[in-house]
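*Asks:* Same order as they appear, the protein sequences are chains A and B.
Quick note on my numbering: the first sequence kicks off at 63 and runs consecutively.
Quick note on my numbering: the second sequence kicks off at 32 and runs consecutively.
I should point out that these hints are in silico values taken from the structure, not numbers from a laboratory.
Quick list of in silico lysine-lysine cross-link-like pairs, DSS-like style, CA-CA up to 27 Å: (1) A:517 with B:113; (2) A:453 with A:380; (3) B:137 with A:553; (4) A:517 with B:137; (5) A:366 with A:380; (6) B:137 with B:113; (7) A:553 with A:616; (8) A:553 with A:517.
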Amino acid sequence: MISDLFPSALVRDAARLGSLAGLNLLDTPPETEFEDIVHLASTVCETPVALVSLVAGDRQWFKARVGFPPCETALNASVCAYTLAEPDLLTIPDLTADPRTRDNPLVTGEPFIRFYAGTPLRAPDGQVLGSLCVIDHTPRPKGLSSRQADGLRRLARQVTTVLRERQLNVEMRAARDALRVSEERLALAFAAAGSLGWWDWDIPADCVYAGERFADMYGIDPALAAQGAPLTAFVEGIHPDDRSWVGERIQQVVATAGEFSEEYRLRHADGSVTWVLARGRCFHDGDGKPLRFPGVVVDITARKAADAARFAGEARLKSIMETVPVGILLAEAPSGRILMGNRRLAEILGHTTLYASSSNAYGEFVAYHDDGRLVEAQEYPLAQICGGQCKRAAIEVLYQRPDGERRWIAIAGEAIEDEQGGTVGAVVAVSDIGDRKAAEAQQDILNRELSHRLKNTLTLVQSIASQTLRNAPSLDAARDALAARLIVLGKAHDILLAGRTDSASVDRVVQEALSLHDDTGRRFRVRGPSLFVGPSAALSLGLMLHELATNAVKYGALSVPTGCVTVDWTVEGTGAAAEFRLDWREQGGPPVTPPTRRGFGSRLIQRGLAGGDVALHYAVEGVQCTLSAPLAGLRVDI
Amino acid sequence: MTLKPGAVALVAEDEPLVRMEAADVLGDAGFDVLEASTTPAVLAYLEMHPEITLLFTDVVMPGPIDGLALAHEVRRRWPGVKIIIASGRITPDPAQLPDGARFLEKPYSANGLARVVRELGLRLAIE
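Using the sequences and the accompanying hints, generate a full structural model.
*Replies:* This is the structure:
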């Protein structure tokens, strides 16, 4: 019976029930708006009962009621459920006569209702929620008057309006709550950030709203900042030296709707100065007029101090790098990328620092090994150290400068390590070793020359020793003769070594060779032009004069107290034809007789000077010897 | 001057004492010895005395050419002459020497010189 007629599908419709649940009306306390509506409905329709009835899936619940004690009933006691399906007003003049309601427990029992008129209640989204109904205990065959029906419909619509407003209120409250949470979070974030402040400038009103931190930074009372203050109040906090340009930047950003990001100083009431970074953006309205300019500001004083310290450190390093007399090159590991080079390096290499991106690019440096091989990129100390092969390395190379000059340079590198000992970079010192290399080459020549001289001298000594022994009458005689000859040889060497050039003065050679035999200091008369001869001729001449003098002491002019010797030399002719001639004349000695046996001395003298002639006369009044030779041959450097 | 065929040595050395000693060593070894103190003198001797069989020369010598160039010249013009080159200054590569020439480093001993002479296979009259 009821079940046939009851609109169960609509009662349980999920969308309808969802809409009802979403309104959060069920089981809420009475509210004036709804109370007013049921009282008006009751008055207008002249009924003892009026209800705002909400039909849920399992019951009907009354948000407001007049003349009806229960706040809810079961669905089988619901007349309103039938209203759900109605497009408009449902009127049942006598509930006992209608098959839908005659068995309703509210009809058959307490409170014995007889008349019902209800109009559907709609949610703001259009879903039907229940009904606004009026009930009487006596049947009304004529139902409601048209004015009463109209009033009831209007009141039902008023319920929908109230519901819409309630919903809006809820949404607004939620939005406000969300905003408050968001603001709380932002405030927490600003507080946590410590040095971060915020502002929001309402440009048309020239009112800057700012957070507490921002206000503190700019020397404004936080309460005032929260209410908003004109921009000029905040500008006062900027350091006087920065005020003007910061002001210009603000104007620029306002005019162009641009971004603002500047670092400037603030000067505080106590005179202290701090640095801030302010970042913000200006927004224009649809007409292109400046609207708002919000932003944040952060204290960067510590960073600025660190920057300044680092800058000072870098400046100090730079000044050191630029003043040291060696070239310096700095690279990072492991790439080998070159970071910096100093001025001295550029002077040595003949080009500005080559900022190679990696050690593989060191091939751009052109240099050669001692043996002419090109230096490979990976052979340079920087590459070796940055590549991790070693902690220090050195190399000497012949560097090809762009101007064509090749210079010997020494490159010595050292690893730069982190705290764990890992190589993070390398520094090399580059020095010009051209002078040292030249000196080494010179030394090399000198060493070879010395070795050669030594060998020649030894050959000479060996010949002297061999010849002395060959000709000596006894070992004692040989010992004395050898000693004397070696002394002469030594003196000739002294003369050669003392000279700046590789030659000896004939005058010196003669004086030294004869000094050994000059017992009175007046035995010799030595005359001749200033003349220099080579080492070989100097030694030969010294030895020959020594042999002549030895012979004179033994047998000739120097064997008697009155005897003396004159030694004269001259150069005849010029250029390639120049001829050296030396005359030895003994005087005042005993009558001379030619020797019966040719000893070492005479044999040596007979050989003469290089390429020259010898005339040795045993004249009765004194030995005469003339040595002549082409001057060119005497100057040969053996 | 009468020279022994097959045993004539020419000593080229500008230092008289050293030359004298070398001449004595070669003389003791059985050679007739001629002495020259310049490179032109060496060439003049060889032209005059085809019986010369051995040239013993220093490298550094007065004259338009040095002892090494002299040795090459002698090898070219007198292929039969044995050559010994001595020097305290250079140690030439064997390739720098004329074919068959021997090098003797200064200072050398009398025995050293005599040994090189023997190694050159010179038959000496005194033997």
